Amino acid sequence: MKTTRREFVRGLGFGGAALAFHGCAGVARARDGSDSAAMAGASRVRDLIGAERERILAAAARAPSTHNSQPWRVRVLAPDEWTIGADPARRLPAVDPMDRELALSLGAFIEFLATGAAALGFDAHLEARPGATLAGADLVRVRLSRPPSGARGAEQLDRIARRRTLRKGYSSAPLSKDDLAALSGPLGDRALWLPRGTKRADWLADAAVQSFQRQTGRDAAQQELARWIRFSDAEASMAADGLTPDTMEVSGLAGFYMRHFMDAGSVGGKSFRDRGVDAVREQAREGGGWLVLGAQDETTGSLLDAGRAFARMTLLLRDRRLAAHPMSQVLEEDPWRAKVGRELGLGSPQFVLRVGYVERYPEPVSLRRSVSAFASLA
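What the sequence shown shows, in the numbering used here, is residues 1 to 378, in sequence order.
Please note that a few of the clues may not be correct.
To be verified - Ranges of calculated distance between the beta carbons of each label pair, as one might list FRET restraints:
#1 238 to 298: 29 to 37 Å
#2 121 to 320: 23 to 31 Å
#3 217 to 44: 20 to 28 Å
#4 297 to 153: 28 to 36 Å
Simulated from the structure, these hints should not be mistaken for lab results. Remember, predicted model here, so these are calculated numbers, not experimental data. For every residue, glycine included, the Cβ atom is placed at its ideal position computed from N, Cα and C.
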């Protein structure tokens, strides 16, 4: 029997993989700049800060962000003095109109910057700019220093480089006490663990599917998602950001089809949307449970802190053969956005993570822009 294009697309099984808070921290395939102006800018930044400091920024840039939008911007004031802010061109108004996830992404960037600095023997002193907002270019000032006996931890750089979000193949085995304590213990009462099979875990699994279905039905959200999917290898290499078939775990014939026969217009099609809901429904049934991370409140400072806590947690996963998959639509769509905190008894929830053991932990594949693409001289 001849297979129609519609039937083939429905069988690919990729739609649900393009979830909101993309967490692969993978292989940097960013272009350094093919034109002379970009190359000159890269050279000026590199000449001023040197190779070690450039490595710190490269480590920071492996932080997770919504749709892998990489919404950070760094201004270099001096070799050891930088400012960090948001790139307004990388906002996601359809799914993140209040810039909540933008702040979380910047927090993850700041955490990886501090971790990378420590691994290379620097102290990173972080100071919030008085009165600074996400709309400003300078949100946090960074001052680097090198103490006489600066500790180094190359293993942390390796953990940053190899961190990856996985969406498939989760075991339903319960988490061990040691693993659960490692992931949630340091976060205290701002972390809530819901083991699979409990009433609240079942409610959250249903909410994750229903909220994804609601978001998939919103044309504005689908159009925004389409903007960040890099279907072809050429497009991925040029942009060095966003979601690719590899990061969405689409391989084989389905991956080939996606790279060569799909484009941004495909994202708005009924087949893409329907298959996305089917995939999320399958994912919600996998894993040992749900980890919900909260913040003190929704001020910018609290959101940055929550992003940093999430980033720290992600570096623990691979060594323990654990994976954590952010399923953010439940915090993006009404009425679930308002219900999650009440239903779970956790104030100001910021991350909803499906967690479970995995047998296979592939290497990262996510795109990353070069340092020169987001850092510039003041």
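Status of each hint after checking the structure:
1. At about 36 Å, the CB distance of residue 238 to residue 298 agrees with the hint of 29 to 37 Å.
2. Checking the proposed 23 to 31 Å range against residue 121 and residue 320 shows it holds: the Cβ atoms sit about 27 Å from each other.
3. Between residue 217 and residue 44 the beta carbons are some 47 Å apart, a value that contradicts the proposed interval 20 to 28 Å.
4. Checked against the given bound of 28 to 36 Å, the beta carbons of residue 297 and residue 153, roughly 32 Å apart, stay inside it.
Violation of the numbered hints given earlier is confined to hint 3; every other hint is satisfied by the structure.
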